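Whole structure, please, built from the sequences with the hints as guidance.
Just so you know, the sequences run in chain order A and B.
For the first sequence, my numbering begins at 2 and goes up steadily by one.
For the second sequence, my numbering begins at 314 and goes up steadily by one.
The set of hints was computed from the structure by calculation and includes no laboratory data.
Any given hint might turn out to be false.
Claimed, not checked - Listed next, with one range per pair, are the computed distances between beta-carbon atoms:
| # | chain 1 | residue 1 | chain 2 | residue 2 | range |
| --- | --- | --- | --- | --- | --- |
| 1 | A | M2 | B | S531 | 45 to 55 Å |
| 2 | B | G431 | A | R130 | 18 to 28 Å |
| 3 | B | C475 | A | T78 | 53 to 63 Å |
| 4 | A | R138 | B | Q468 | 42 to 52 Å |
| 5 | B | L455 | A | L103 | 24 to 34 Å |
| 6 | A | A127 | B | L467 | 50 to 60 Å |
| 7 | B | A449 | A | M2 | 31 to 41 Å |
| 8 | B | K387 | A | P42 | 17 to 27 Å |
| 9 | B | S405 | A | N38 | 34 to 44 Å |
| 10 | B | N466 | A | E139 | 43 to 53 Å |
| 11 | B | V373 | A | A127 | 44 to 54 Å |
Remember, predicted model here, so these are calculated numbers, not experimental data.
Beta carbons are placed, not taken as given, at the ideal position from N, Cα and C, and that holds for glycine.
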Amino acid sequence: MDACEVEFLAEKEMVTVIPNFSLDKVYLIGGDLGPFNPGLPVQVPLWMAINLKQRQKCRIVPPDWMDVEKLEQIRDTERREETFTPMPNPHYMELTKLLLNLASDNIPKADEIRTLVKDTWDTRIAKLRLSTDSFVREQEAHAKLDNLTLMEINTISTFFTESLNHMYKLRTTLQTPEDGQSQEY
Amino acid sequence: MMEDDVSDQASDAGSEEVLTPVELINKLEEAWLNEKFAPELLESKSEIVECVMEQLNHMVMYLSNFSISTGDLKSALLNHMEIERIRFMLSSYLRSRLLKIEKFFPHVLEKEKSRAEGEPPHLSPEEFAFAKEYMAHTEALLKNMALRHMPPNLQTLDLLKCVPKPDLDSFVFLRVKEEQQSILVEPETDEQREYAIDMEVGSQHLIRYRTISPLVASGAVKLI
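Below, the structure is given as structure tokens:
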């Protein structure tokens, strides 16, 4: 799975926009949206918000958690705790990236927010490396990872699962295969 | 208006449940992700594929009539974007299935032949035709290029033994949709270290695919 596919899934998240045009209800396969009236907030999926923003048809309202104080708190808890702390949104990284790249003029203190989210991300990825290391060292076979987001899992998944598969093979080679298949040449 | 369409199709296809378009798209997304991460070919979801195709065609028809008649292109543009997104998911899903069929073609066909009556098929008719053709072409190529020039006792090749089987012991990440009690985790095959875990709704786990493959098939968990 590529990072752009994770972003594709993140683009389904709903955000609030304030349009500057009027339009009747839009009937999409995934549900109805609207009606759109100038100056009145309306909930739309992120992919649509980005498109409207690019065409300068709306103003994006940043999500509640995209706020310097809240993010500072989240960053500090993340640094204090040993384990992963819950994140404000399952797609916090993708949302930050997309919104700050396209709608930084609608988001107050965009630079600080970018730094805070980046710091949180770095802390979490470092933790993830440590925990994968101990997972392999302890020769575990199961892990619970409730607070990890899809993007984080996706950054290590291929490498990590491949290594685990190799480890598993190495640990089970000494046992006779279940099917009793012997290599015949 | 659209919801009626889908529920009609669903009942035509012989399924009990009535799906709204929103649920349909969610089901497609789940099938897509499961297929992406599972090491083996999963059950064929031809009903979902057909319904989604139907929905897309319906929407394209509606749009072509609509944009000519009223000329309000704003919402048509938004509809087009949504169609593109769904089309991407659908083609990505079918692509990953074709990749797996090509990778494990002898086993896929073998499994399909030995399947008991009443079990859900793992291949749609079109995929089955594709797999058979792929096998015939591969065999013909190997035979013509090299095998027929070999000594008489070495001219046959057992593809079932040559082509690797899907590795069900690979690790996967999953998210739980329905609560599961006491799933056995076996670190290795020696019995001393096996222990049971419970999975709560919404929790995420890393575990070997073999342990939870029935849960993926029943839809109790989804791969991420």
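Hints, verified against the model:
no.: 1; hint: A/M2 with B/S531: 45 to 55 Å; verdict: violated (23 Å)
no.: 2; hint: B/G431 with A/R130: 18 to 28 Å; verdict: violated (48 Å)
no.: 3; hint: B/C475 with A/T78: 53 to 63 Å; verdict: holds (54 Å)
no.: 4; hint: A/R138 with B/Q468: 42 to 52 Å; verdict: holds (50 Å)
no.: 5; hint: B/L455 with A/L103: 24 to 34 Å; verdict: violated (53 Å)
no.: 6; hint: A/A127 with B/L467: 50 to 60 Å; verdict: holds (56 Å)
no.: 7; hint: B/A449 with A/M2: 31 to 41 Å; verdict: holds (33 Å)
no.: 8; hint: B/K387 with A/P42: 17 to 27 Å; verdict: holds (18 Å)
no.: 9; hint: B/S405 with A/N38: 34 to 44 Å; verdict: holds (36 Å)
no.: 10; hint: B/N466 with A/E139: 43 to 53 Å; verdict: holds (51 Å)
no.: 11; hint: B/V373 with A/A127: 44 to 54 Å; verdict: holds (48 Å)
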